[in-house]
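Engineer: Given only the sequences and the hints, what does the whole structure look like? Please build it.
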Amino acid sequence: MNMKKLSPRVFVSEQITTTDIGIASAQGIKTIINNRPDNEAQGQPKTADLAAAAAKLGMAFIDLPVVAGKVTDEHIEQFENMYGELQAPVLMFCRTGTRSASLWALEEARTLDVDAVLAAAAEAGYNLSAMRSRLVSRSATAAPSARDPAQQDVSGDRHDVVIVGGGTAGLATASSMLKRKPDLDILVIEPRETHYYQPGWTLVGAGIFDRKQTSRTMASVMPKGVKWKHAAVAGFKPENNSVILEDGERIEYRVLVAAPGLKLDWDAVEGLGDTLGKSGVTSNYLFDMAPYTWDLVQELNEGRAVFTQPPMPIKCAGAPQKAMYLSCDHWLTKGKLKDITIDFRNAGGVLFGVADYVPALSKYVDKYGINLCLNENLVAVDGPARKAWFDRTDGEGNTSRIEVEFDMLHVCPLQTAPDFIRQSPLANDAGWVDVSAETLQHSKFGNIFGVGDVCSAPNAKTAAAVRKQAPVVAENAIKVLSGNAPHAVYDGYGSCPLTVERGKIVLAEFGYGGKHLPSFPQWLINSYEPSRLAWLLKEKMLPGIYWNLLLKGKEWLVDTELLPQVPVSREHKEAVDS
Numbered sequence: 006m007n008m009k010k011l012s013p014r015v016f017v018s019e020q021i022t023t024t025d026i027g028i029a030s031a032q033g034i035k036t037i038i039n040n041r042p043d044n045e046a047q048g049q050p051k052t053a054d055l056a057a058a059a060a061k062l063g064m065a066f067i068d069l070p071v072v073a074g075k076v077t078d079e080h081i082e083q084f085e086n087m088y089g090e091l092q093a094p095v096l097m098f099c100r101t102g103t104r105s106a107s108l109w110a111l112e113e114a115r116t117l118d119v120d121a122v123l124a125a126a127a128e129a130g131y132n133l134s135a136m137r138s139r140l141v142s143r144s145a146t147a148a149p150s151a152r153d154p155a156q157q158d159v160s161g162d163r164h165d166v167v168i169v170g171g172g173t174a175g176l177a178t179a180s181s182m183l184k185r186k187p188d189l190d191i192l193v194i195e196p197r198e199t200h201y202y203q204p205g206w207t208l209v210g211a212g213i214f215d216r217k218q219t220s221r222t223m224a225s226v227m228p229k230g231v232k233w234k235h236a237a238v239a240g241f242k243p244e245n246n247s248v249i250l251e252d253g254e255r256i257e258y259r260v261l262v263a264a265p266g267l268k269l270d271w272d273a274v275e276g277l278g279d280t281l282g283k284s285g286v287t288s289n290y291l292f293d294m295a296p297y298t299w300d301l302v303q304e305l306n307e308g309r310a311v312f313t314q315p316p317m318p319i320k321c322a323g324a325p326q327k328a329m330y331l332s333c334d335h336w337l338t339k340g341k342l343k344d345i346t347i348d349f350r351n352a353g354g355v356l357f358g359v360a361d362y363v364p365a366l367s368k369y370v371d372k373y374g375i376n377l378c379l380n381e382n383l384v385a386v387d388g389p390a391r392k393a394w395f396d397r398t399d400g401e402g403n404t405s406r407i408e409v410e411f412d413m414l415h416v417c418p419l420q421t422a423p424d425f426i427r428q429s430p431l432a433n434d435a436g437w438v439d440v441s442a443e444t445l446q447h448s449k450f451g452n453i454f455g456v457g458d459v460c461s462a463p464n465a466k467t468a469a470a471v472r473k474q475a476p477v478v479a480e481n482a483i484k485v486l487s488g489n490a491p492h493a494v495y496d497g498y499g500s501c502p503l504t505v506e507r508g509k510i511v512l513a514e515f516g517y518g519g520k521h522l523p524s525f526p527q528w529l530i531n532s533y534e535p536s537r538l539a540w541l542l543k544e545k546m547l548p549g550i551y552w553n554l555l556l557k558g559k560e561w562l563v564d565t566e567l568l569p570q571v572p573v574s575r576e577h578k579e580a581v582d583s
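Per this note's numbering, the sequence shown starts with residue 6, numbered consecutively.
Because the hints were derived from the structure by calculation, they are not lab data.
Be aware that a few hints might be false.
Unchecked claim - SDA-like mimics (lysine to any residue), calculated; alpha carbons at most 25 angstroms apart, straight line:
| # | residue 1 | residue 2 |
| --- | --- | --- |
| 1 | Lys9 | Val141 |
| 2 | Lys9 | Thr222 |
| 3 | Lys320 | Tyr201 |
| 4 | Lys557 | Trp233 |
| 5 | Lys232 | Thr222 |
| 6 | Lys392 | Glu304 |
| 7 | Lys51 | Asp272 |
| 8 | Lys509 | Thr346 |
| 9 | Lys341 | Asp412 |
| 10 | Lys343 | Arg309 |
| 11 | Lys559 | Pro187 |
| 12 | Lys509 | Ser524 |
| 13 | Lys184 | Ser487 |
| 14 | Lys242 | Asn433 |
| 15 | Lys184 | Asp496 |
| 16 | Lys229 | Leu554 |
| 17 | Lys557 | Thr199 |
| 18 | Lys509 | Leu342 |
| 19 | Lys184 | Gly451 |
| 20 | Lys339 | Trp540 |
| 21 | Lys320 | Thr280 |
To be verified - Label pairs and their calculated CB-CB ranges:
| # | residue 1 | residue 2 | range |
| --- | --- | --- | --- |
| 22 | Arg14 | Gly508 | 54 to 64 angstroms |
| 23 | Glu128 | Glu307 | 56 to 66 angstroms |
| 24 | Lys368 | Asp54 | 36 to 46 angstroms |
| 25 | Lys10 | Asp215 | 27 to 37 angstroms |
| 26 | Glu566 | Lys51 | 40 to 50 angstroms |
| 27 | Asp293 | Trp233 | 20 to 30 angstroms |
| 28 | Leu62 | Gly402 | 43 to 53 angstroms |
| 29 | Asp190 | Gly354 | 42 to 52 angstroms |
| 30 | Gly508 | Trp552 | 17 to 27 angstroms |
| 31 | Pro463 | Arg185 | 19 to 29 angstroms |
| 32 | Asp190 | Glu304 | 48 to 58 angstroms |
| 33 | Glu307 | Pro463 | 40 to 50 angstroms |
| 34 | Ala442 | Asp215 | 32 to 42 angstroms |
| 35 | Trp561 | Glu408 | 41 to 51 angstroms |
Only a predicted model underlies this, so the values are computations on that prediction, with no experimental measurement involved.
Here a beta-carbon is modelled for each residue, glycine too, at the ideal position from N, C-alpha and C.
Structural biologist: So, in structure tokens, the structure goes:
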């Protein structure tokens, strides 16, 4: 938590935790105001838990949720009615603090000079200059404004390329673009201050990596020559070539690249959010949780370990199995495996989606004595009772609910596109950014591209896929900027290094339709069999390749295919040239 002072009685912060509430109380905070709706992001603390923590410490807790980019007159009125009665000092928070700072500014502008309000917000780290006209309209000394306060987006900067998301896909694409055209004006919009090497979390959960190896500051990995907007996106207006930020600012673009990743929907499983990280319930899909996986693996001497996989799509489809195989290998090595029952409960109907790799994986299922339970979807968890419930679908499509007791439960959550994508004009019916599977150009808006986990292309959602996608989007976006049609093609490449035991990996590499797309000759790495060399690649080489090559536009083992005949262009020339 980083409490920033807006006024002598009001402080603002990014998302807080129950631990932060204790710290805030120790610093004298009397009232906490939550401006963030529940379920906005993966791992977000529940409002009820935060309120309970505040109540235990005798602090007031007020829930005034504001949807990103939509600070309405109703919100202002509610805040105005309570503002004078608040027991100070007050701590307001949302995802980044921007909504809270905006709400405070709109209230204070009634009685304070607008420049003074903006200066106070800026000193706290929030540039609210895009709200000036709305603040002036709130000022008691200003003439009545004809501006509709519901129209909160005001003109901001315009850039050649705006990239939404500073994860693997966003930064790799930015670097690939600058490699081809160093003078491009590129803006990356990303609210987080930390960048994660998520493929490393499997090894954190097996005690091989320390989680510190998998994170760096966002500032340190942002490509040189790129502008970073430390803000969150609330929506899109593609007809106006603009992105709307949560504070209402409008950022205009000539080309937009959507790369915000996906959402881990922990609340899709009843009770999961309340018990994750305790009572034997864990997941390698979270930075803070992977070490707990390793703790549980070491502590379990007997009982039942259950590993789950939800319906597709998920990022890294092999990750649920990787956690299971590495856990089993540890138990086998320690002589515990004979006393532990292992279940792999998979909502899908097959062990792995690409049939060529199933024989090698099946041998390890047999070796470890794993109970393979297909067509079983996790729907509820009671951590303290150590029970989970699954919906089992039979061959005729009938569903029944079964109860399973566990001593350890490793969960892979259901995964969807982020809410601000699903609710936008960019999304298809399933909520993903609707793109051509080959060019990654939007199906409707020709100056928009999707890359990484968020796009609708039917490839495996992995970092390895981004290694091939980023150059394709870079090539095609630059073509569109010059008024031409895309000509680079993505073949659906994805890779899943399946860690079947400590020291061996089945290196699955494939494209659309499950086509085998190996990066190495079969005599070097036989991708259909466990390989020690593939393990060396995963443990020793890939982290360096990620940080030093992929994020920096050094396109290792990439040969981008160019179309012999360009498709019909869908871009609107006036959109990129105006």
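Engineer: So, against the hints stated earlier in the document, which numbers end up violated here?
Structural biologist: none
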